[in-house]
Amino acid sequence: LAKTTQPISMDSYEGQEVNITCSHNNIATNDYITWYQQFPSQGPRFIIQGYKTKVTNEVASLFIPADRKSSTLSLPRVSLSDTAVYYCLVGDVSSNTGKLIFGQGTTLQVKP
Amino acid sequence: DAGVTQSPTHLIKTRGQQVTLRCSPISGHKSVSWYQQVLGQGPQFIFQYYEKEERGRGNFPDRFSARQFPNYSSELNVNALLLGDSALYLCASSLDPGSSYNEQFFGPGTRLTVL
Numbered sequence: 001l002a003k004t005t006q007p008i009s010m011d012s013y014e015g016q017e018v019n020i021t022c023s024h025n026n027i028a029t030n031d032y033i034t035w036y037q038q039f040p041s042q043g044p045r046f047i048i049q050g051y052k053t054k055v056t057n058e059v060a061s062l063f064i065p066a067d068r069k070s071s072t073l074s075l076p077r078v079s080l081s082d083t084a085v086y087y088c089l090v091g092d093v094s095s096n097t098g099k100l101i102f103g104q105g106t107t108l109q110v111k112p
Numbered sequence: 001d002a003g004v005t006q007s008p009t010h011l012i013k014t015r016g017q018q019v020t021l022r023c024s025p026i027s028g029h030k031s032v033s034w035y036q037q038v039l040g041q042g043p044q045f046i047f048q049y050y051e052k053e054e055r056g057r058g059n060f061p062d063r064f065s066a067r068q069f070p071n072y073s074s075e076l077n078v079n080a081l082l083l084g085d086s087a088l089y090l091c092a093s094s095l096d097p098g099s100s101y102n103e104q105f106f107g108p109g110t111r112l113t114v115l
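These protein sequences, in sequence, are chains A and B. In terms of our numbering, the first sequence is residues 1 to 112. In terms of our numbering, the second sequence is residues 1 to 115.
Please note: incorrect hints may appear among the correct ones.
As the list claims (entries may be wrong) - Think about it this way: if two alpha-carbon atoms lie no more than 27 angstroms apart in a straight line, the pair counts; the simulated DSS-like pairs of lysine-lysine are: (1) Lys3(A) - Lys52(A); (2) Lys52(A) - Lys99(A); (3) Lys99(A) - Lys3(A); (4) Lys13(B) - Lys3(A); (5) Lys99(A) - Lys69(A); (6) Lys99(A) - Lys30(B).
Said to hold, decoys possible - Examples of chain A residues lying across from chain B (beta carbon under 7 angstroms, computed): (7) Tyr87; (8) Phe102; (9) Gly105.
Just so you know, the hints here were simulated from the structure itself, not pulled from any lab data. Glycine included, each C-beta is placed from N, C-alpha and C at the ideal position.
From just these sequences and the hints, can you work out the full model?
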């Protein structure tokens with residue numbers, strides 16, 4: 001699985017848009033990019049997944065440039081409840097064996 | 001529908017003791033995976049079980065073992081506890097081992113403290 005690099009931490013204020021970038025220079029052709037969210041003392045929760053260009057759901061948007069060597073998770077108008085750790089994962093979902101490989105993640109702190 | 005449940009919520013043990021953690025997957029899910037999350041780090045894969053058989057193992061010592069029961073619930077056992085085993089132990093369930101990333105659901109975890 002491709003290694004990912006994310007900022008360790010980010011601060012934001014309520015109502016702002018937050019963009020978290022993940023680098024994955026060695027991403028393979030069959031790899032997808034997946035983001036998880038984890039609140040303190042809870043298990044990670046799937047947010048969004050994409051392969052290329054842009055994906056949007058009710059929670060977030062995921063921007064993936066043409067070379068796919070990085071991706072950006074965009075959280076619109078964050079609130080205090082978005083304070084959490086965000087993990088970027090890269091892997092071939094079609095041959096997933098159930099083994100998710102997490103990095104350190106990005107701790108997002110939303111301030112009032 | 002109930003999500004993934006884990007018990008106990010918290011546990012305190014001393015070095016050298018043994019511990020058993022339990023997980024009940026979402027109804028209909030036959031695959032269970034276990035992860036260890038040390039404070040400040042991402043979860044690390046320990047085991048995956050499907051249909052009562054081990055399907056994957058992470059880089060953990062033999063002190064860690066697990067099993068899955070006919071009702072698809074699972075237990076994680078850790079023997080000869082070390083201080084470094086203190087962590088949040090997470091269970092994730094999915095329909096089968098090949099489930100995509102968005103089809104794996106995590107429980108709230110068991111917080112194990114080893115003194």
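Keeping to a limit of 27 angstroms between CA atoms, is the pair of Lys52(A) and Lys99(A) held or broken? Status holds; Cα separation ~23 angstroms.
Assess, step by step, whether the Cα of Lys99(A) is no farther than 27 angstroms from the Cα of Lys69(A), and give holds or violated. holds (22 angstroms)
So, as I understand it, the hint says Tyr87(A) touches chain B; can you test that by seeing if any CB pair is closer than 7 angstroms? holds (6 angstroms)
Keeping to a limit of 27 angstroms between CA atoms, is the pair of Lys3(A) and Lys52(A) held or broken? holds (18 angstroms)
Is the hint on Phe102(A) kept, meaning its closest Cβ partner in chain B is under 7 angstroms away? Result: holds, 3 angstroms to nearest chain B Cβ.
Does the structure keep Lys99(A) and Lys3(A) at a Cα separation of 27 angstroms or less? Given that 27 angstroms is the threshold and the Cα spacing comes to 14 angstroms, the pair holds.
Hint status (Cβ of Gly105(A) to nearest Cβ of chain B, threshold 7 angstroms): Constraint on Gly105(A) satisfied, holds at 5 angstroms.
Straight-line Cα separation of Lys99(A) and Lys30(B) no greater than 27 angstroms? Answer holds: Lys99(A) to Lys30(B) is near 15 angstroms, not above 27 angstroms.
Taken at face value, is the distance from the CA of Lys3(A) to the CA of Lys13(B) at most 27 angstroms? This hinted pair is violated, its Cα atoms lying about 35 angstroms apart.
Hint violations for this structure: number 4 only, all remaining hints satisfied.
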